[in-house]
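Engineer: Here is how the chains run, residue by residue.
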Amino acid sequence: MSDKPKFAMYWAASCGGCEIAVLNTNEKILDVDANFDVVFWPVAMDAKYKDVEAMQDGSILLTLFNGGIRTDENEHIAKLLRQKSKILVAFGSCANEGCVPGLANLSDAREIVHTAFNTVSTDNPKQVYPMTSYDVPEGEICIPKILPTLKTLDQVVDVDYYMPGCPPESHQIAAVIDLVIQVLQGKAELPPKGSVIGAGNSTVCDECQRARNVKTITSFNRIFGQEIDPDLCLLEQGIPCNGVATRSGCNARCPTAGAQCIGCYGPAEGVVDYGARLVSAFASVIDAKEPDEIDRILDGIPDPAGQFYRFNLAGSLLRAGKSAWEKA
Amino acid sequence: MTQHGGTSPKLALSESKGEERIGVYVCHCGTNIAGVVDVQEVAEWAAAQLEHRGVVIGREYKFMCSSLGQELIEKDIKELELTRVVVAACSPHLHEHTFRTACKNAGLNPYLCELVSIREQVSWVHTDKAAATAKAKAVVSGGVERVIRHAPLEPLRVPIHPDTLVVGGGIAGIQSALEIADAGYHVYLVEREPSIGGHMAQFDKTFPTLDCSACILTPKMVQVGTHPNVTLLTWSEVEKVDGFVGNFTVTVRKKARKVIEDLCTGCGICQEKCPKKVIDDVYEAGLGYRKAVYTPFPQAVPKYPVMDVENCTYFEKGTCKACEKFCPTNAIDFKQQDEILTLQVGNIVLATGYDLFDARRVTNYGYGRLPNVFTSLEFERLSNAAGPTNGNIVLRDGKTTPKAVGIVHCVGSRDRNFNNYCSVICCMQGLKFAHLVHERTGAIVYNFYIDMRTAYKAYDEFYQRVLEEGTLFVRGKVAEITDVPRRPDEDGHLIVQVEDTLAGKQRRIPVDMVILSTGLQPRYDAKETAKRFGLSCSSDGWFIEKHPKLDPISTMTEGIYIAGCVQGPKDIPSSVAQGAAAAARVLGKIQQKEISIEPVRASVNQDQCSGCRICNNLCPYNAISFDEDRGVSLVNAALCQGCGTCVAACPAGAISGTAFSNDQILSQIEGLLLLNIDEPVTA
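Protein sequences appear in the order of chains A and B. When the letters of the first sequence are read in order and numbered with our numbering, they come out as residues 6 to 333. When the letters of the second sequence are read in order and numbered with our numbering, they come out as residues -13 to 669.
Bear in mind the hints are in silico, worked out from the structure with no lab data behind them. Here the structure is a predicted model, which is why all the values come from computation and not from measurement. A few of these clues could be false.
To be verified - Here are the simulated EDC-like cross-link-like pairs (lysine to aspartate or glutamate), alpha carbons at most 20 Å apart as the crow flies: (1) B:Lys513 to A:Asp292; (2) A:Lys55 to A:Glu145; (3) A:Lys294 to B:Glu514; (4) B:Lys513 to A:Asp38; (5) B:Lys517 to A:Glu295.
Please work from the sequences and hints to get the whole structure.
Structural biologist: Written out as structure tokens, the structure reads:
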């Protein structure tokens, strides 16, 4: 063991994209290795939980934690890493606000397991369901228990910094790594605790080059099946672009490429409930007076939960649907 | 970089400090609140359970709004050094001002007082006393959490422009304009028709006194027309209203009359010589003709005619110019263009009146299909001595005097198929018609009514008089008016099919003429007008007053008043009274010279605004502009009325409202949910 500061990265309920985004910083990853001693990073190296448990409290300088808290194992490691880390960063959308796994909060845990093991996608004639523990001749084997709802990291432990994105953009990760290294060298100071790092303070629109006018929407459309003006704001063209409510930091990649922003960078600074903001913003610019006409326009958004809460459901004011919430 | 947006509510609460000294005052409102809510328990609970949040005193009192109640608060502020006050009483609409003033009197900034409603939102809507008391506690707790986050505010003071805009030159608008002008202040009276006078100028007699309508109206019209303090803008329409109380900027389109007012003497030769006859749908209700250059009626004010370019032969074919040839003062100007005027005014009175219900919609009454079915306005013109028949009440053929006349009440009013409301004037109008028909033709008159509504001074006496004159009254809603006879005696007549609910049978009554006492409805463009002036309409389309009982003259937009039928159906005396009342309000405002306006305003955080422009089109007060150079939206604090529309719409959360910040609202919700108490006690 060297005397370099220690670094950890962990994935809870997530897809692995965050780790790829870290690796995608290319040669910057060498800076991590040069400046840190990587002590725990399941995707990249072998380590046991008991090794982490054996560490001194606060001995890890920086932990990037991605993924939401879906199982008791996730929760245990979140608490463990909190205890062992000086700086705990909620890394990526799942840890920040639940992300796509958080959409499962619309159903209770039993429904989720049922959907996974016994619906059209799974042929399960014997009705076999996973059990959390099972006795075998060698002893009892266990798998983690699923919790009633998926929680964001800060709903379980104290978080120092928030780094949004699904995944965080590699250039933002590189900038954060640079910053931490500069702090280690005494050339910079850490931002105040609770800050959002690796992102902007405004919204995606701020970085989007499309021209914007006063908005009036008479129908919501998909990006296929119509001619999209490459220079005009997508929302003005009826494409339900979430950029208006989404934190800046990604250089408006999706709208620039002609696809609507789906909101992976989460709420803008000061926004309490991302989806509610978007709903009221979209509703404000719908140009119709008759209830039937309004209904017709709204039917252009067939999946409101997916449109408005794709990334933010677990981190929203409501956090979960009623069936999941009641069991939480 | 600041605090993360997704911080959970519980966290936000624990960060706030209980450093304030808060007084909680619970009002009995007689038995209004105390009859349902245990007010003593609420006051004691607040003092005990919310002590850690800074509550130092909880009191209840029979009427907090009384002088004694207010003194109680003032005394506590001084003696207990309160820094915040929560009053749990009625809606802030009623007494917010009272309690803020009490705080101010005791040296506390008035905006550090929060009024929470435990009457409208608790005692009046619940019967379960225990549950209501528990809810009252929660409401108080919400108020406490909110008031902790209040900041002292100073009202904004703005000067008031002494000029006034009156829109609509009917009797309500005329009255309003005269009152203000007589008091020595300038008035712009805008009317979209060629002459002022409104509907009243079309009537022959007014109920119940049977004065000649023109005889009492025209002197007032002349007075307005010649008043040195009145600028009369007829044939003009308001296109745009910007600004706010004391400082409105109004854009008026003065439509081209094609007549130069400075030269015209009103001699009438142009009208006489104009060869083109046009059916007069407006003033004569389609019963008479006017020329293509015309004044609607002889006593029109102003005297200048207007040219109807859609029907003028010169504009149609390029030749004629008879009016120009004969005009002795060369006042005709075919090239005259619309003028756009910009007026600066401090207050606005809206008196845009009503439209007559379109009787064609009641197809079973046959109006438009059966020639001898008339609307009330048509009958007004028929009976008017200056009307198309010189006051002879005759059938559509122009010569036959009817021998039997049916007058149908409530046409289009009190009818679920059309308008639910009562049009107020139709009963008296129907009685007036009965009297006029009886007096001038001697015909048998039937009045078909549902209920006879003759409230107000001398109205019922008029009903008695018409009864005594021999008019026959049938109580029942007319089912149908038809010209298809079933019996020989019905041949050649209109038959009124009605259920006589007093006699308890169906009747078919043959008559020669039917007059539909058509109801009133909002102007066809009332909604656009409301939007232009930043007001709201009820679902019926009448403009909404600030308070239905205590302030039927003001609107929710300060500095804009309503008078006459624009607010709802009413008769002439009420319209005049409301016109005068609006004038009194305007004069009161002008006298103040400057006005303090609520400091509740929206503002845009320029760093967070990304210029998405969602908010740009939403502001009812046109207070939002877009700065193209910087790519951000801006709220003009002087124009903003603090309605919060943009605050709610801003997807970036970049707009916040003073006194309605996220922090204040969410804290109030946390308080309501009793998250500020470790172990919430539920009832």
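Engineer: Indicate, hint by hint, whether the structure satisfies it.
Structural biologist: Hint check results:
{"no.": "1", "hint": "B:Lys513 to A:Asp292", "result": "holds, 16 Å"}
{"no.": "2", "hint": "A:Lys55 to A:Glu145", "result": "holds, 19 Å"}
{"no.": "3", "hint": "A:Lys294 to B:Glu514", "result": "holds, 12 Å"}
{"no.": "4", "hint": "B:Lys513 to A:Asp38", "result": "violated, 68 Å"}
{"no.": "5", "hint": "B:Lys517 to A:Glu295", "result": "holds, 16 Å"}
Hint 4 from the earlier list is the only one contradicted by this structure; the remaining hints agree with it.
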